Amino acid sequence: MDTSIWRPILYLIGVMAFAGVNAAWLGWCERKGAGHIQRRIGPKEVGPYGLLQPLADGIKLMTKQLLVPQGVDGILFRVAPVLAMIPAITSMVAIPFSATFHARPIELSVLLIFALASIGMMAILLGGWASNNKYSLISAARSVSQNVAYEIPMLITVITIVMLSGSMNLEEIALQQKGGFWNWYIFPIAGQSIAQAIIMPVSFLIFFTCSVAETNRAPFDMAEAESELIAGHMTEYGSMGFGLFMMGEYLNIVVGACLTAILFFGGWDSPLPFIPSGVLWFVLKIYLLIFTFIWIRWTYPRTQIYKLLNLSWKILIPFSLAILLLTAVFIKIEGILI
Amino acid sequence: MNEYWRDILYGTKSLLIGLKVTGPEFFKPVITEQYPHFVPVMKERFRGHIELTRNEETGGSNCVVCGMCQRACPSSCITVEGEKPEGSKKKVLTRYILDFTKCSLCGSCVESCNFNAIQFSREYNLASTNKSDYIFDLVKRLEEQR
Amino acid sequence: MTEPILCTPDETFVLNLGPQHPATHGVLRVKLTMDGEYIVEAEPVLGYIHRMHEKMAENGTFAQFMPNTPRMDYLSALSFNQGYCMAVERAAGIEVPERAEYIRTITVELNRISSHLLWWGAFILDLGGFTPLLYAFDDREKILDLLEHVTGSRLTYCYYRFGGVYNDIDDEFITGTREFIKRLRSRMPTLYHDLVTGNIILIKRLKDIGHISPEVCRKYGATGPVLRGSGIEYDVRKNEPYSIYPELDFDIPHYPEGDCMARYMVRMDEIEQSLRIIEQSLDKLPGGPVQAKVPKTLKPPAGDCYAAVEAAKGTFGCRLICDGDKGPYRLKLRSPCFSNLSLFGEIAEGMLLADALAVMGSLDLVIPEIDR
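These protein sequence lines are chains A, B and C, in that order. Okay, so the first sequence: first residue is 50 according to the numbering used here, each after it adds one. Okay, so the second sequence: first residue is 99 according to the numbering used here, each after it adds one. Okay, so the third sequence: first residue is 2 according to the numbering used here, each after it adds one.
Hints are not guaranteed to be accurate.
Distance condition first, Cα-Cα at most 25 Å in a straight line; then the derived DSS-like pairs of lysine-lysine [said to hold, decoys possible]:
| # | chain 1 | residue 1 | chain 2 | residue 2 |
| --- | --- | --- | --- | --- |
| 1 | C | K208 | A | K363 |
| 2 | B | K238 | B | K182 |
| 3 | A | K93 | A | K109 |
| 4 | C | K143 | B | K141 |
| 5 | B | K111 | C | K205 |
| 6 | B | K200 | C | K208 |
| 7 | C | K220 | C | K239 |
| 8 | A | K356 | C | K205 |
| 9 | C | K32 | B | K126 |
| 10 | C | K32 | A | K183 |
| 11 | C | K208 | A | K356 |
| 12 | B | K200 | C | K56 |
| 13 | C | K297 | C | K56 |
Label-pair distances were calculated between CB atoms; the ranges are [what the hints assert, rightly or not]:
| # | chain 1 | residue 1 | chain 2 | residue 2 | range |
| --- | --- | --- | --- | --- | --- |
| 14 | C | G232 | A | L160 | 49 to 59 Å |
| 15 | A | L104 | C | V217 | 50 to 60 Å |
| 16 | A | G287 | C | E59 | 40 to 50 Å |
| 17 | C | G346 | A | L329 | 56 to 66 Å |
| 18 | C | I50 | B | K126 | 31 to 41 Å |
| 19 | B | L224 | A | P250 | 55 to 65 Å |
| 20 | A | V328 | B | L224 | 41 to 51 Å |
Rather than coming from a laboratory, the hints here were simulated on the basis of the structure. In this text the structure is predicted, and so the values were computed from the model without any measurement. C-beta: ideal position from N, C-alpha, C; glycine also.
In isolation and in its complexed conformation, chain A is listed as follows (with noise of 0.2 Å):
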């Protein structure tokens, strides 16, 4: 491994550009997806396209007042917005984005990426407690009780491609399923038993259903909820602090759609072996899976907060633990076979 200083600086400013252009044109994306869903146009003034919004939105945000209410904590209120900033950035930096191409390689990048994710949802609780707003507070209790149903979920379906794939490091992971889209764990037709590449989609609805659940968006997004509760933990921010905690929401989104590319679609590997292989795949597929994100956003109403509880402790962590009791099964009975 290169040890220079200058790689990982060179790599951490590659990785905030591309965490900082994301997190501002992905609002830009939302908004025209958004709009041509509805058969709307979207934002189309401020530049071609309405592709500078973004640029005037930062810039109205950024010479507004951060306002800081009477009675509020005045410490975590300020705090809260950065915490959801930091470690969607930091999580940037353990994937992959190709078999050379990469931050700083992390022999557990999976549980680092679980860990950071587990501190964004810090921000809302800290954001949404701080602020003196019983809007705000509810927002917040919601989201707690949110994340802890989603992350179990979630983590077992990772568990389960652990297991699969005999590592915790996410490059080794897509390695794992170089070749073709047949050797991808959402569909391992090749390279696993045919009985694993049935429950295998499965195992990527219930991850994919929990990465929306997990990023706050809708019809999950129990903390935000407009129309209940104002802006949920974001109802007293102005200024930039509600502008940091939405670059960190879709900042949120790149990580997730990172991870479901990366544990799921073979990471930079194209979908037939003939192609060459490299980040513009793996873009691809992080784009695809956030236009699906949008897609999801703008078509279904919004979940109720217990019918959300219901849905992961009745139904997701069941099918995951058995999904992942399968996945033990059959790996043993391979072993045996072979």
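Since the structure of chain A is provided, determine the placement of chains B and C on it from the hints.
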């Protein structure tokens, strides 16, 4: 237990159907009107604020200052003043003020007029931050239209 | 200085839902006493936009009150317009020509559909789905265009006159309406029912939520889709027929469940029934005048009369007391949403905040009409 499985199967199906409905909409052309760039023309019967009808022969107004519109208005936003020139039997309109801040565009004035002297305009770009912009002098307006 | 959150010993707190809140669709305030996310007590607070419509009626002539009627329920303005016109016509003994009655029926049913479409979009918006609102507005826009073509305005139509209607309809309106019926029927199954009605999230959120029993409905005088969603088949158009409704063939959709889903389904079915009514009226449309001969200043004899119509939200009643003068001596307006809202306090008890908002949405409240 049966219901549990039915919910899961039906639920997944209904969610996929939802995506199938909104997905194609994404690629269909937009249907909204791009307002400041594309200005719609109001329908023939559009009820804007009132204006004086121009008499084709005299070029002036048909108004005989009977005051019917003033009385019909529920919000008393019309002020009509006229004078009788010497030697003439008919009154001549000198001032017709519409206080648009109070008007609710009901059209009672137009209905009450027996002389076809007022009509609805088709203007709708009337936003302003200045209150005095909404005190319309309709006589002046008629002269300007000429 | 912000007040600290006050907690009584049993750990409840007061949450002000409104007057400015995304889900109250206007300046309605509901004072909620909450225990966590559960509502212990709900108390609607009214009067933020009270405009004294009833008093305004006493101060003007009969015709001068006309433009006030659409400002109460701006979503089904024509129903209110019609209710008031009918009351005055009964007081003054004015006969409305047949063609005018047909035109009234067509336009009022179009208006009912547009009101239901807007409710549908806004209701799904309350439940967190944004896109259906825009699809509903797309169809509603067509109705607004049609009505603008005949009435001249897009929202607060003031189209009916004592003894008829203001303008006659033309062929463009008739063909436009027929096209609209075809268009809405083709869009209903996919964009409305596939996308929303069949959606599992929506079903889970509406089924068995906010059960209103027929007794509660009777107690508070709830009418319209709220009453029919509780299984009582009551509709002024059938029970106290007015205008040309007895000559038309249509059903009164009603569901016995009494939950939010039942009220949802009642409205969705009513859209179809309204389309049927419009179709029949267009087929039967007679010729003739659209305005009876009415004196310029109405002076109905002293007396007391009542007229009720089925507005989009329920029964709109007008009780008119005349003393032989140019204007009403007293005008009492019975608006549907006031009664529909008053039962909210009783059914919201013990409910989750999210469910209570679903129930509030399913009542289809228009605040200016509650406050009048």
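Consistency of the hints with the structure:
no.: 1; hint: K208(C) <-> K363(A); in the structure: holds, 19 Å
no.: 2; hint: K238(B) <-> K182(B); in the structure: holds, 19 Å
no.: 3; hint: K93(A) <-> K109(A); in the structure: holds, 17 Å
no.: 4; hint: K143(C) <-> K141(B); in the structure: holds, 14 Å
no.: 5; hint: K111(B) <-> K205(C); in the structure: holds, 15 Å
no.: 6; hint: K200(B) <-> K208(C); in the structure: violated, 47 Å
no.: 7; hint: K220(C) <-> K239(C); in the structure: holds, 22 Å
no.: 8; hint: K356(A) <-> K205(C); in the structure: holds, 8 Å
no.: 9; hint: K32(C) <-> K126(B); in the structure: violated, 44 Å
no.: 10; hint: K32(C) <-> K183(A); in the structure: holds, 13 Å
no.: 11; hint: K208(C) <-> K356(A); in the structure: holds, 12 Å
no.: 12; hint: K200(B) <-> K56(C); in the structure: holds, 18 Å
no.: 13; hint: K297(C) <-> K56(C); in the structure: holds, 23 Å
no.: 14; hint: G232(C) <-> L160(A): 49 to 59 Å; in the structure: holds, 56 Å
no.: 15; hint: L104(A) <-> V217(C): 50 to 60 Å; in the structure: holds, 55 Å
no.: 16; hint: G287(A) <-> E59(C): 40 to 50 Å; in the structure: holds, 47 Å
no.: 17; hint: G346(C) <-> L329(A): 56 to 66 Å; in the structure: holds, 60 Å
no.: 18; hint: I50(C) <-> K126(B): 31 to 41 Å; in the structure: holds, 39 Å
no.: 19; hint: L224(B) <-> P250(A): 55 to 65 Å; in the structure: holds, 59 Å
no.: 20; hint: V328(A) <-> L224(B): 41 to 51 Å; in the structure: violated, 55 Å
Violated hints, listed in ascending order, are 6, 9 and 20; each of the other numbered hints is respected by the structure.
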